[in-house]
Amino acid sequence: MSDELRTSGTNSAAREPYPSHVKGRRLRILGRPLGFEHWALLPLFLFLLLFVLYPTVELIRAAFSTVTTTEGGFSWKFSGLDNFYTMLGDEVFRAALLNTIIFVVGGVALQLVLGTLLAVLVERSRILSGLARNVLVWPAIITPVAISVTWWLILNSEFGLLNRLLEAVDLPRQAWLASTFWVLPALILVDVWHWTPVVFLLVLAGLANIDQTLYQAARVDGASEWRVFRSITLPLLAPTLVVAALVRTVLGFKVFDEIFLLTKGGPGTASEVVSSYVRKVFFEQVNLGYGAFLGLVIISVMLLLFAAFFGLRSVVFGGGRTS
Amino acid sequence: MNTGLNRKLYSFLTEGALLVAIVSTLIPIGWLFWNSLRYSRDIINPDNPVVLTLYNYKSLFAGGSTFLTLFFNSLGVVLCTTLLCLLIGALAAYSLSKFRWPRAFTPAVLGIALFIQLVPPIALVPALYLVLNSFYLYNSVTGLVLVNTVFNLPFAIFLLKVYFDSIPDDLKEAALVDGCKEGGVFWRVMVPLAAPGIAAVSILVAILTWNEFLMALSLTSTPDAQTITVGISSFLQEFNVQYADMSAASAIATIPLVILAAVAHRYIVTGLTGGAVKG
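Protein chains in written order, with this note's numbering: chain X, 1 to 323; chain R, 1 to 279.
Please keep in mind that the hints were generated in silico from the structure rather than gathered at the bench. The structure displayed is predicted, hence computed values, not measured ones. Each residue gets a CB set at the ideal place from its N, CA and C atoms; glycine is no exception. Hints may contain errors.
Said to hold, decoys possible - So these bits of chain X aren't anywhere near chain R, every CB distance computed over 12 angstroms:
| id | residue |
| --- | --- |
| 1 | PRO43 |
| 2 | GLY80 |
| 3 | ASP90 |
| 4 | GLY106 |
| 5 | ARG124 |
Unchecked claim - If you want the footprint, here are the derived chain X segments under chain R, 3+ residues with CB under 8 angstroms:
| id | segment |
| --- | --- |
| 6 | 53-62 |
| 7 | 99-105 |
| 8 | 155-164 |
| 9 | 256-270 |
| 10 | 274-281 |
| 11 | 299-311 |
Let's have the full structure, built from the sequences with the hints guiding it.
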């Protein structure tokens, strides 16, 4: 990404200076006469100011305050690091954080494996390739709320499809969404069904970029299919897989809809994740300051993750890819 | 001989595995549609004889039902959000792509856009509530349009900038030399050339907005402003699940998406992969 930005910067620097008909104006912004490019950015900036900058400032302010609701608004009282100390002693948040990490790591790992497998299969397939390319994408665009309903109809302990199938082959039923043991695996299953398509599509695009002559050369040399996959496909796919993992991790941390609808974080705190817990702090405990602090912690974690990713990427791929 | 047999076995295994994947994708969706065609009492009593009916769909859309309001609210939010995202996103992406800005400016704007993608939306809900409330837009379709626009703009800008970047600068210079104004260059030259990108962005923003749940749940309080996703969630209450309504409503939310997936597959793929890679 930073590479791409740098190139676009040098490109524009090489461009012709400003067209003549705007040159005479007096008002200058960022060292340039006011022109179409400024007006074009104005709506975006208004939006960013009102809906991103202001909420972020409020979030930071609330994170270090005790906020109480009053008639039609909130009243703030600065409370320093109180919310931080609350967090340190908050076992539910700790459980939510741990659950989120298990959910994300488990889900993303399975999605990477399955998505890559499916993409490789689709590339090799002759008969079902077209159908698979289309159908395997569907879950990624279906309404998450509808997906939750769908899986509720499958995982429900009384008359869900899964338990009926288990019963048909004489296996014991399970209370998938009501058991502290099964609830996270069940939610990971839903997430894998839901989001493997995105990994599948990214890997498919990555596979299309691999030079076919490499495969031919390897086969001429007598390499087995597995060897071709391990020594050619996988190394060349590595950058794609890293991006896929990052994208899915970011989205995984935001997971809300399915958890909220399928389990509400229960039983107990067995499937509580950070988003569902922050919502509870906001709406059920009406503790806006503490909720904001937790929100800020999550945002910081995401930013750190991102910084680590770009740092790692420049170390791992930096050498060969300074285009 | 041996390799020929091997190849046949490989191809058989490949197609077999894909068939399993396709079936596993379709079974849950099929199960939802199957249940949406059954009465509540049959859904909870699997041993009842199979009776299929369109009753659930009819009752959802019956005169005076709130679901109809929610449905049109969703359509309105989708339409306005998509248009607003395209307008603001295309203008901003074009400005960043085809004009000379100070060195750190474009990365900074894209960085903010990236930041929006990273933030879990729930963290901003109280502040967004305050913003909407101060404009008397809490519990309004307009409010939802604005909030959805914010969360979809980054994606629109990233993808459209890629498309504008791929259009040669010469075209702009040529149009300017021919006497076109900057605005004219944008509308008459650049926007038509970026049409595939605009199509991909529209379709994906429309889908994501149609699917949006958290903001609609948190920033509305009555059916006047609520969307179809909030309606579905209200059928799935812990102690009072309305099985049939919830299945039929979910099916209604899903149908347009499946049609879109079949028809506009290419744009969806562009949107999902392009947005992910650049975002």
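Right, here's what the structure says about each hint:
1. PRO43: 5 angstroms, violated
2. GLY80: Label holds. Min Cβ-Cβ 20 angstroms, cutoff 12 angstroms.
3. ASP90: Given a closest Cβ separation of 16 angstroms, the condition holds.
4. GLY106: Fine: 18 angstroms to the nearest Cβ keeps GLY106(X) off the interface.
5. ARG124: 5 angstroms, violated
6. 53-62: holds (count 6)
7. 99-105: violated (count 0)
8. 155-164: It holds: at least three residues are needed, and the segment 155-164 of chain X offers 4 whose Cβ sits within less than 8 angstroms of chain R.
9. 256-270: holds (count 5)
10. 274-281: It holds: at least three residues are needed, and the segment 274-281 of chain X offers 4 whose Cβ sits within less than 8 angstroms of chain R.
11. 299-311: The restraint on the segment 299-311 of chain X holds, since 4 of its residues have a Cβ under 8 angstroms from chain R and three suffice.
Of the numbered hints stated above, those contradicted by the structure are hints 1, 5, 7, listed in ascending order.
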